[in-house]
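Chains as they are written, first to last, in the UniProt record's numbering: chain A, 1 to 260; chain B, 1 to 296.
Don't read these hints as lab results, they were simulated from the structure.
Incorrect hints may appear among the rest.
Derived contacts from chain B toward chain A, CB cut-off under 8 Å, selection only [as the list claims (entries may be wrong)]:
id: 1; residue: T177
id: 2; residue: S188
id: 3; residue: V193
id: 4; residue: R194
id: 5; residue: V196
id: 6; residue: A249
id: 7; residue: G253
Chain B is nowhere near these chain A residues, computed Cβ spacing over 10 Å in every case [said to hold, decoys possible]:
id: 8; residue: P106
id: 9; residue: P108
id: 10; residue: T170
No more than 27 Å apart at the CA atoms, straight line, and that leaves these computed lysine-lysine pairs for DSSO-like [claimed, not checked]:
id: 11; chain 1: A; residue 1: K147; chain 2: B; residue 2: K47
id: 12; chain 1: B; residue 1: K63; chain 2: A; residue 2: K152
id: 13; chain 1: A; residue 1: K109; chain 2: B; residue 2: K195
id: 14; chain 1: A; residue 1: K120; chain 2: A; residue 2: K138
id: 15; chain 1: A; residue 1: K75; chain 2: A; residue 2: K41
C-beta: ideal position from N, C-alpha, C; glycine also.
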Amino acid sequence: MTEDVAIMIKEKTKLSAAGVNLWFGNKHVLKNVGVSFSEKKVTALIGPSGCGKSTLLRCFNRMHDLAPDVRIEGKLALEKQDLYDRAISVTQVRKRIGMVFQKANPFPKSIYENINYGLKINDVPAGERQGIIENALKESFLWDEVKDDLKKPATRLSGGQQQRLCIARTVALRPEVILMDEPCSALDPISTSKVEELIEKLREQYTIVIVTHNMQQAQRVADSTIFMYLGEVVEAGNTSDIFNNPQKELTANYVRGHFG
Amino acid sequence: MKLAARERLDKLVKLVFRTTGLLVIMILGGILVMLLWNTFAFFLHVKPVDFVTGTQWNPVGHKARYGMLPLLVSTALVTLGAMAIAIPLGIGTAAFISEYAGKKLRNILKPLIEMLAAVPSVAIGFLGIVIVGPGIASITNQANGLNALNGAILLAIMALPTIITVTEDALQALPQTYREASYGVGASRWQTVRKVVIPAAAPGIIAAVMLGAGRAIGETMTVLMATGNASAFPKGFFHSVRTITATIAIEMGEVPYQTTHYYALFAIAAVLFLITLLVNLAGEYFVNRYRKYQVA
Numbered sequence: 001m002t003e004d005v006a007i008m009i010k011e012k013t014k015l016s017a018a019g020v021n022l023w024f025g026n027k028h029v030l031k032n033v034g035v036s037f038s039e040k041k042v043t044a045l046i047g048p049s050g051c052g053k054s055t056l057l058r059c060f061n062r063m064h065d066l067a068p069d070v071r072i073e074g075k076l077a078l079e080k081q082d083l084y085d086r087a088i089s090v091t092q093v094r095k096r097i098g099m100v101f102q103k104a105n106p107f108p109k110s111i112y113e114n115i116n117y118g119l120k121i122n123d124v125p126a127g128e129r130q131g132i133i134e135n136a137l138k139e140s141f142l143w144d145e146v147k148d149d150l151k152k153p154a155t156r157l158s159g160g161q162q163q164r165l166c167i168a169r170t171v172a173l174r175p176e177v178i179l180m181d182e183p184c185s186a187l188d189p190i191s192t193s194k195v196e197e198l199i200e201k202l203r204e205q206y207t208i209v210i211v212t213h214n215m216q217q218a219q220r221v222a223d224s225t226i227f228m229y230l231g232e233v234v235e236a237g238n239t240s241d242i243f244n245n246p247q248k249e250l251t252a253n254y255v256r257g258h259f260g
Numbered sequence: 001m002k003l004a005a006r007e008r009l010d011k012l013v014k015l016v017f018r019t020t021g022l023l024v025i026m027i028l029g030g031i032l033v034m035l036l037w038n039t040f041a042f043f044l045h046v047k048p049v050d051f052v053t054g055t056q057w058n059p060v061g062h063k064a065r066y067g068m069l070p071l072l073v074s075t076a077l078v079t080l081g082a083m084a085i086a087i088p089l090g091i092g093t094a095a096f097i098s099e100y101a102g103k104k105l106r107n108i109l110k111p112l113i114e115m116l117a118a119v120p121s122v123a124i125g126f127l128g129i130v131i132v133g134p135g136i137a138s139i140t141n142q143a144n145g146l147n148a149l150n151g152a153i154l155l156a157i158m159a160l161p162t163i164i165t166v167t168e169d170a171l172q173a174l175p176q177t178y179r180e181a182s183y184g185v186g187a188s189r190w191q192t193v194r195k196v197v198i199p200a201a202a203p204g205i206i207a208a209v210m211l212g213a214g215r216a217i218g219e220t221m222t223v224l225m226a227t228g229n230a231s232a233f234p235k236g237f238f239h240s241v242r243t244i245t246a247t248i249a250i251e252m253g254e255v256p257y258q259t260t261h262y263y264a265l266f267a268i269a270a271v272l273f274l275i276t277l278l279v280n281l282a283g284e285y286f287v288n289r290y291r292k293y294q295v296a
């Protein structure tokens, strides 16, 4: 027990939510959610469809700002910075907290422009962009496959390549946190394993939060796992504890595949 | 129903659809043949070079002249002027409705704008005579405001509903994921609209502009009422012009059947047809060029 505490203290909390409630119109979707994510660790959010895990993920980079009739209460913070502080710019939040979406969504532009866009938006000097783009593609294990036709429309890439391009687009901006919303749900097994390999590599530099429906995936990639059900956090802990030694009946039933 | 009866019905329906389809194609083909036939007859009377390069249109003068340039330039002035006004306004309005306005405002604005398309062209022409014309006249210190600018403004008003509606549909049809991707890398709303949403919707926007341009080129009553119809060679936006459509409308009623003049009107109609065809082909070309970046 004392050892555990020591480890907990060494790990620095990067991203946190406390007492978060969220409503879509009258529908109460997140109920008093409190979670924290450690720096440079991979945390998986699991739970059955509609349990609010994607909704929670999207709170952190303020994607709900776009939708009408969403009401959020509670505190969401990146280190000590309140993410919903009126003084903070939402575009800065999204630069520091990048996101990879469920369905690969490259822009209808060339491969090169897909990454260049974010750099231009964030005023990266023109002279540095080429190097950053090359580097981001290398980090995403995509460089060898696309280096000869960077001018090709990104939509011509395969689904797995598109998703890795979206990851490259995100890491090119050197965010502090990368949110992944079921990044492999539309991919075949080979592409999935490539993306997982990539996550393995990215954990050295980034704090990663990944929503997944795939429990094997959570066990393969995540250091910690958080189980959510009907808008509430049921249990959070080390991935191996959640899967092998869950404390709650509900968690046990879910991870053993009795429902969900 | 019995099997035999069902099969008979099937055959009958097929026959009906085939007949209607062929009938429409035949009517359209017949119009084209008639247009080209009469144009051909015209060129037996007047040399094509004189028609294409002539700067005078005066079919009823002592020595008849059939130069199409003044009419072509008039049509070009009015149409390009209309597009210069309508394209930025139309895209801007559509972007506002689709990207900035709330749901409530959109549900009010869109039907209102669509209603504008139903205003008859003669009513718009009337506005040109009683409002736009005097307005231009007082600003430019001319006797009247029946000129190319007046026509361009009115045609812009007529093309706007089409451009706005089709553009807005194109913007709405874009997957929300494009916007999310853009916001996700830290783009502001304006950056997202300008650099992602509008380029991604380009095929639809070009189609919208082409439809608007097609309407402007072919419009007759409004320009007939508002542009003064002087047959002299047009000197600019502040001078009276006479478009191809207005010329056909004015002269067709007076012209004796199967004379050179009669054939000449078909010839300029053929020119009009050629212009609209080119506009459509250009639109198609641009749509295809952008489409390669779209998800299949």
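- Query: Against which earlier hints does the structure fall short, listed by number upward?
  - Reply: Structure breaks hints 3, 4, 6, 7, 8, 9, 10, 11, 12.
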